[in-house]
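Visitor: Here is what each chain is made of, one letter per residue.
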Amino acid sequence: MAEAHPVGFQWVMEAKRRGAKVFHVDPRFTRTSALADSYLPIRAGTDIALLGGVVRYILENELDFREYVVAYTNAATILSEDFRDTEDMHGLFSGFQEDNASYDQSSWRYEGESQNATPRDTETQRETAAGLEHESHGAPVNGQTERDETLQHPRCVYQVLKRHYARYTPEMVERVCGIPQEKFLELCEAWTANSGRDRTGMLVYSVGWTQHSVGVQYIRTGAIIQLLLGNVGRPGGGVMALRGHASIQGSTDIPTLFNLLPGYLPMPHHADHPTLDTWVDSIRHPGQKGFWGNARTYGVNLLKAYWGDAATAENDYCYGYMPRMTGDHGTYQQVLNMIDGKVKGYFLLGQNPAVGSAHGRAQRLGMANLDWLVVRDLFMIESATFWQNGPEIETGEIVPEECRTEVFFLPAASHVEKEGSFTQTQRLLQWREKAVEPPGDARSELWFFYHLGRIIRERLSTSTQPRDRALLDLNWNYPTHGPNAEPSAEAVLYEINGYEVAGGRPLSSFTEMKDDGSTAGGCWIYTGVYEDGVNQAARRKPGAEQSLVAPEWGWAWPANRRILYNRASADPDGRPWSERKKYVWWDPEKAEWTGYDVPDFEKTKPPTYRPPPNSSGVAGIAGDDPFILQGDGKGWLYAPTGVLDGPMPTHYEPVESPVRNPLYRQQANPTRKVYTHPINTLNPSPPEEHSQVFPYVFTVSRLTEHHTAGGMSRMVRPLAELQPEMFVEVSPELAVERGLTHLDWAHLVTARAAIEAKVLVTDRLTPLRVDGRIIHQLWLPYHFGFEGLVTGESANDLFGISLDPNVLIQESKVGTCDVRPGRRPRGQDLLNLLVDYRRRSGDLGPHYPPQVTTDVADSGRDREV
Amino acid sequence: MPHVNSLYGPLDPAPDAGYVDPPPRMGFFTDTSVCIGCKACEVACKEWNDVPTSGLDLLGMSYDNTGALTANSWRHVAFVEQPRSAGWATPAFEHEPDGPPISPETAAVGARTGTDTGTDPGLPPGSPAAAARMSGGPEFLGMPGAQPPGRGTGVEQRTDFRWLMMSDVCKHCTHAACLDVCPTGSLFRTEFGTVVVQEDICNGCGYCISACPYGVIDQRKDDGRAWKCTLCYDRLGVGMTPACAKACPTESIQYGALDDLRERAAARVATLHEQGVPDARLYGHDPNDGVGGDGAFFLLLDEPEVYGLPPDPIVTTRDLPAMWKRAGLAALAMAAATALAFLGRQP
Amino acid sequence: MGVRRWVESWPLYRQLTGTDPLGRGAAAKSAGSLSLTARTETADSMARSVCPYCAVGCGQRVFVKDGQVTQIEGDPDSPISRGRLCPKGAASKSLVTSPLRQTTVRYRRPYSTQWEDLDLDTAMNMIADRVLAARDETWEDVDAQGRPLNRTLGISSLGGATLDNEENYLIKKLFTAMGALQIENQARI
Amino acid sequence: MTGATSPEPAGRRESPAGPDQPDGQRRRRAGHGGEQLTVPPADFASYYGRPILKPPVWKHDIAGYLFTGGLAAGSSLIGAGAQLTGRPGLRAVGRWAALGGVAASTYLLVHDLGRPDRFHHMLRVAKLTSPMSIGTWILTAFGPMAGVAAVAELAPLLPRHGPLGLARRVAPTVGNVAGLAAAATAPALATYTGVLLADTAVPAWHDAYPSLPFVFAGSALAAASGVGLIAAPAAQTAPLRKLALAAATIELVGGRRLERLGLTGEPYGHGRSGRLVMAGRALLAVGTATALLSRRSRILSAISGAALVASSVATRFGVFEAGRVSARDPKYTVVPQRERLAQKNEPATRP
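Chains as they are written, first to last, in this note's numbering: chain C, 1 to 865; chain R, 1 to 347; chain V, 1 to 189; chain Y, 1 to 351.
What the hints contain is simulated information worked out from the structure, not anything from laboratory work.
Everything hinted at is true.
Computed from the model, here is a short list of chain C residues facing chain V with C-beta under 8 angstroms:
1) Q10
2) G250
3) M325
4) V343
5) Q430
6) E433
7) I455
8) P718
Don't be surprised by glycine CBs; every beta carbon is placed ideally from N, CA and C.
Bound conformation, chain C alone (with noise of 0.2 angstroms):
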């Protein structure tokens, strides 16, 4: 965290100055390890199993916080009898299909509720990343479901949970992880003493974690945890992710994702999806609980939004128009078919996937295929000049006279050269000021797509075309000002915000909004934030003249505010857990919630609340179920449907590793992302042969001085200075088993790549006992590429594709490779070296690892415990 959020780090100094001890896990002593009270070093992509021995350290010790689980959790929901775990299957649940690698998530369900209540076929789901609907939401479930408060049924959440970790003992994170038992311990122990009624722990993660073939899992997991220790939705707890970029969070929340709409509703898909209304059902699932039961409210805005006066009731407002899915749309899809010759045209928007992207050949040779590119940044960036600089140029795989793709690039301006909104890491939407002009050409996003647009339909003016239908019913009218046209972003917010469709008024929250036509809103969490026709999102009271929560700077959505789930501050009767921790109450003399932050709970309905028996949607959260957008209202320590990985996380080894899972049969996460395309070639694993050829283990992050691919560092001058070349952190006993010396050259080899970089051998690094044996770890960061002022070759060319299934991010926080002395070979004689080594390690021809190893005969060794 001091290392890439170094300002958000003076709340972590804040608090240590305050008696908080921190702890830090990272595969290399960082800047944030310096001042941290504890340093864990872990082998990269063994998280899960790290904090499965802190869930069961929690529950074999009853260290949970009872009452809060009883109360918020599903701990005492009772599953199905047809659910089988981990422990019996040698690492793969229930409801697996071998044909498709996916699960049949109906046997997970609850006790009670019907087998069709598993909405759509989970390989869809894995293809249309339909895990990030959930970021505003639950998955659907019924609401009502059997309990055990008592905790003791065999089939219920907490006895079911205690057995799946059972296994995650001290010394198994030893063998997996390589964290020495007494660490290990001192974390548990000051994790679970500094939680509970008076004090509450937070978790911290920087997104690294969601690149993993497991990551959504890995933050299951730290969810689990910190629900078990009665830690979300109070102060000073939860789950922070720290982002790392600064709307990375509104580019989510009004996403440019393939899978996804605004507000987080999905893209309809061309089978699920036929109708408006089969559409909206997907997503509220009548019965459930919460917030949800209103998508055909939001849907319907969204759509009355796009297409104003065209979209009416009896065209299902237009849905029609709206393009379908009919599997993965994603990035890395996107890419392969561009090297295979499907795609015509690709826009890049302040993006640079020659060099932040896995597979950075891959990336390269995808575009160098194209008939035409756009680029819009601020800077020469090396995905406008691969076809100039690349290194694909020196081994001639890339041929500037032969490669045909056009190129625009186009300037863009700069975040003080256009007025706008960024929502950072904590939901939080801050408006900008412009403060200059931009200079030339340079445009902002909001110029050039409203531009386009404009010419466009002036093109199509007169067509007749079914298809056109939908740009020219576009609702395509902003105002816009100044001596080039530019289009008013304030216009923009506040059909974000949604209004009334007779007389304009902007709606001051979601539960304003119509089904019928009569409103009209963008993204229907973010409505309030043109409340009274103010910017909300410019709001700058300064911080010292308001409380701690600071609610009158910015906005966050929903409703502004700004702990989710914060009815879980106060006890199921309403009141504070303890003075301490005091945050959100009910205040039963005005019979009101109330506290320091927007209650996120209707604010009249009282703790004793018990819906009606049938009672569905907001009517059915019962006063005590803080988790109001869950089907249940409960925080899932055991997810029935929605994640489809498992519903609870298991450790599976990374997709590149070299160590066999100690834990169980299966290596890999079983139901990930994998493209066999010829390109993406991947080294084996065990229980693979040839696995030693790639011995090491590497993991890719930030330097504090430097951003993402570099294009907003590497070419400012008083960035570049600091870190001026491409390194490679290693260990004093590594660097003596390869030879490798302090500043001089090496190279790393995997099946896709070769790059070199200048060594740092240093104490920061340490070899890790895994599993008997010795494991290293090389660190790299990623910021290096070949334009700019300070360059190097990419980290990311090591990567292969492997993608998370739930919301198909790709694993580029850990991989194998090979290390060696020198500077790498160069034009044909790289190629050899590459042939070279996949012939040692297998064949020559496209490797993919099993995604299935249950069955495999597992060199004599039991690896159950």
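For this one, chain C is given, so just place chains R, V and Y on it according to the hints.
Guide: Leaving out everything else, chains R, V and Y in the frame of chain C:
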């Protein structure tokens, strides 16, 4: 009339420099125990003061690629890797299969790297042995073990590890040699008690550079003048905080009235001692030290020289009266010798 | 300037007549130092902004003089950052005023080995042509079973996560209406 | 900068271990791909062994100035002595050497500035705490006087009549007054440079402050005597032989403690700087001895003069170099300060 302590000893420098009723003396307290080495101070300083680039070479001195305070780097964050206890923290690599530490050797390699800082003398190469000592301690023997880690001797020597970071800056001495030797009055004492080079005056004589006991001030090559931290004199004048202190995320760099800062610092050291960090000590806070106390002082976790600071600097001008006396005697001797030589018998 | 004023402005004179006989401070102050002031004080305007790097969302103040950004520093009012910035945030002025910034449209013809200049309007029209052509060429009305698809898979987009919410909104809206489905973002990466 | 875009960015810039930094070496370890560094133990710590101090940025201009300034001062004294004792040949040589020396000094001083066009800023202030400021004012006083005195020597070349004739008549008197005035400031000019170097943080210079003025005074007289021995009529050089002896005495007695300062004196006895200092002394001894023996020989006089001049040059460059060496190696900064601290902290451990 000049104060009796005008050259040495405790002194309030602004009245001594002719300011009647000056504002309180302002300064920095840099608490290295909370420094995260982010280098925001370096960048914020460069942005505000338009300081040019200071070189693009990887120095291999841990994460320090700036190397030193120069005319083109007015803040410099030092990074020291040490296989030693951090005091408050659990030993970092306890029970890990660690062999002997490499830090002394890598530091030694780092001693010899260079970068063209665009300044003179900028960042001269150093002595590898002294570099190794910084990261090794007296027991350092020099060679890493050839055994695989966790085997062999069984002696795991780097269970403890700490990474020291420290943002260095001009000390704004009470007795500032740079200022006193400046022949043009370019270097002057401001009403805030800080020491500033006036860029419209400096003619690049270079005297200040040799005079500084901390090796702070330096000459810009393409420009010829001497440059260093001004403690953002222009910002101070309008009641603003210096750029580096304002940016510092963790309040490692604290700006304020020197008296307040000294109190805060003393309390902080006491707290750290209570927390089991006996290494914590102040540096440059004492008005009775060799420079009359620094306007920018530090809380350190190791000996000053490990951070590149002199352990006991004394302002050279302390001895100036004695020097003039010796020069006077020598001048007399010279005159006398001449007189003697010419006296006496004509040829 | 009269001789008297000139003499009085001579630091040596001030040394001899004033309170600073050693010439350390008051007497040595130069004309430049006397007129020095922080450029934030003389800025024409100040815009309140947000750091464009990571997602912490630190407040920034952007000072402008004569249409140029002259300083960007932390906004002390922000309850998130309390006026502080990391090295990247602190380098924001260098980012937006970098001489390496591209300010004109550049165009690389197919099979060419070099960039050419292009007028912005021309570029916009060429891009619109290509978008429409690619869309027509790859349009899919219905799937094999006759269910609507309404889409093109011939166009891709990948956006960074430093785009504003309003920008993302228009991007998604236009591409959706266009039937372009393959719209992705750093949020996937 | 150039390293940034070249295909093989410049990596570790090896600085060859200079003679003054003998404590690091790299070598290949047989049988291993990697290089291993062998580091002998050091008994002090520092930040990556980098100098704590900034080595002086003064170029050899300043070492040269130490010589020319001293020469000017000594010559001016000789000129005055000759003037007062009626040795016109020697007087002229002294005055011209003084002018030459001071002219060269001015050039060297201005040339060494980072901003030569701002040399006049030196006259903004007069700072007692700044030897360079004091020196500037001394030079300001000395230079014009030395100039007038020397130019007065041209009087015989002027016409006897007319306005210039008047000048010709008053010139000797003016020259004499100026010559004496210059000579009055000359000892200060010769010795302030000792303070100039000593009033720095450079360990070898600062710690030598009691000696440097004497070394420089002696060296100035030696150089001036040398020039006189070379250029003046042999008949008038008798005082110079005595003066050379006196100069040698002052320099050798005054400087005898240089290399015995302890650690910080090391550069005066070792390395290139040490060799220069030693050469200076040897030449001084040789020059003085030769001068004493050379009563009648013009050649021997010239040789002795040359030796004396060379001695002065060597001494000045040696002292200058010693300072640079002592600032570049952190041990000269750290070790003495550590010792001082140790004494401070344990004052009464001695029996």
